[in-house]
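Based on the hints, put chain S in the right spot on chain F.
One line per chain: the protein sequences are F and S, in this order. Numbering of the first sequence is given in my numbering, commencing with residue 1 and proceeding in unit increments. Numbering of the second sequence is given in my numbering, commencing with residue 1 and proceeding in unit increments.
Derived from the structure by calculation, the hints contain no laboratory data. Each residue gets a CB set at the ideal place from its N, CA and C atoms; glycine is no exception. Incorrect hints may appear among the rest.
[Said to hold, decoys possible] If you only want the chain S side, here are some residues facing chain F, beta carbon under 8 angstroms, derived:
1) 1
2) 269
3) 283
4) 284
5) 298
6) 315
7) 376
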Amino acid sequence: MRFRLDVEQRAFAASLDALLTAADTPRVARAWGRGEPAAGQALWSRLAEAGVFALAVPEAYKGLGPRPVELAVAFVELGRHAVPGPLVETVTAAVLLAGSGPGTAERLLPALASGETLATVTPPGPAGPPPAREAEAGVPGPAEGPRRRPVGTHAPHLPEAPLALDGDTATLRLTWERDGVRRSPGHGPARPSLDPARRLTPLTPGGELLAAPSPTALAWARLATAAQALGVGLALLDRTVAHVGRRHQFGVPVGSFQAVKHRLADAKIALEFARPLLFGAALTLRPADVAAAKAAACEAAYATARTALQLHGAIGYTAEYDLSLWLGKARALRTAWGSPQECRALVVSARDRRW
Amino acid sequence: MDLEFSPADEEFRAEARRWLHAHVPREPLPSLETEEGFAAHRAWEAELAADRWSVVNWPERYGGRDAGLLRWLLFEEEYWAAGAPGRVGQNGVQLLAPTLLEHGTEEQRARVLPPMATGEVVWAQAWSEPEAGSDLAALRAKAVHTDGGWLLSGQKTWSSRAAFADRAFGLFRSDPDAARPHQGLTYLMFGLRAPGVTVRPIARLDGKPAFAELFLDEVFVPDEDVIGAPGQGWRIAMSTAGDERGLMLRSPGRFLAAARGLEELWRERGGEPSARDRVADALIGARAYQLFTYAAACRHLDGEAVGPESSLNKVHWSELDLALHETALDLLGPEGEQADTDWAQRYVFALAGPVYAGANEIQRDIIAERLLGLPKGRR
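Isolated chain F, as found in the complex (with noise of 0.2 angstroms):
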């Protein structure tokens, strides 16, 4: 038993960030989301030179992977920088495709491999038929029209089809549907994302049928999700840490009170605890392991945010300032491929949990 990185790992994360610290990643971030991807897609290329997405797809199909410890990593550097793109996206498309026929995985893997394909791939939809029983309750259903409806209630939030990440720039776009992934045919104008970085794009379905849904594939897109999201609190609780320590009031540091210390030990007691979690997922990557690493990443993740935002005070609650790049991101990502509550649903539910 050696549960901890190996000095290779070590240096592959290294690595990584001194290559994301050298491209000023916020301003590169900053553009992606004014729809100007082309330092973004610069980005990509040299992260896919460090092989980056190559980890998640296999050798045969000019891969490294599949790695997803190594891809953990690179993911959690990643999300430290703020890197924006259909990232998360990118690996479940390598994962979903390397799952299709053999054609299909030669015609479109290596691309994605190389950094010269961008994917997309709308996360599965809500399991189920759309919820009918407010029509029965006698409630007015939305066909109704909102004239009917009664003083003082609001039309019920159906769940619309899932948007896909940055459909606008990425060049293979999919749809995960009930029968099937399919290569969307086209794509809807994008929507603004809490955070500012990301641009969420609806996709027409009923395209090409490419591959079957794979729960592989969503154990890599959670994983690598809850990886990211680990970075992005790790950034918001180094920023934050760098902040308190320069800002003084009352004459000493904001960070030497202890109401400020203790917020701190506390965004950085969550985020080494799903840590282990992460490795931990990414070494087995079943359902359950990688769903305690979704939750508790991205709790911690979020909680780091919610500590950054209040200890710096109103300039943290401008967008202009770069920490905003984080605190949405982090919003973001909780929500993205498994909310919190279907991450722990499964964790109780799950079968194969070993603990």
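Relative to the frame of chain F, chain S by itself:
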């Protein structure tokens, strides 16, 4: 990177499981915080020790198996999964023994450790004083050198297990003129039934005498019961505080077993959806603690210091334990009020977790200052 234990480790685990299956009492023992329960738990320690299961990670010559940290973790997982009794000797085993192994003399180890392993001598800790709690270095109980030994005087309090234990260990001020409060302290062992010692049990929240006040009036302690050099007590007490001991104070196996028990209770009570997230969080928190500890153990075995990271540990397990048992009592509904159930007993025990072994506020200060590098300030 892997999570696979070697075949030899798995054989060790299986051997422990077989032994526990054959020996763990079918009915829970009476509470170890009662006279009757204390005696029953002491007898259980002797049964464990007879087959060398009481202190598996100790050297063989003192009653252990030289099993190492990883196998100790496996043993603990099996121990708590088997529903085995609480460990009455843990103060000595977890706090005093590592100090003796690191700083004691061979004579002390040979004399003190074997009867500790069998439960023949149960140890209480004597750290806190009425005016020295979180600020332990403010302690005032004194040790005055005399012919062939020391005379201890003063008051200790919140001394866990002292109501029924045999001996105690703690820090005493041997040089009142030392320049700083952390200096001039000496680490000593003394008998709780020695002349000059008065033990006054203190009832914890549920009325059981789980701890005690100790009044010491010129209690004689021979020189051979000083650990390390006189005046070096603080350094000795703290040297193992953050390291292996921080890893071992509460094993992950205990919380994994408790979380599985909570899950079972939740299912028995109909699997109420509103409690599902709390049950999941107990399971996730216990698993996180297990994996965190595996990782820390691997770093420790590689010779890296664990140090202040054990403060992360302490806050995590103590809050996990409390939340888990609160959830259990909530699931029990009106029955949750009954004090004599296992869940209620463990809940009362869990309530103390955030306070003892370094209050969680102190741990958070340590995390903020030593792990995050925030500036020191007034507490």
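Hint check results:
| no. | hint | in the structure |
| --- | --- | --- |
| 1 | 1 | holds, 6 angstroms |
| 2 | 269 | violated, 13 angstroms |
| 3 | 283 | holds, 6 angstroms |
| 4 | 284 | holds, 5 angstroms |
| 5 | 298 | holds, 5 angstroms |
| 6 | 315 | holds, 6 angstroms |
| 7 | 376 | holds, 7 angstroms |
Hint 2 from the list above is the single one not met by this structure.
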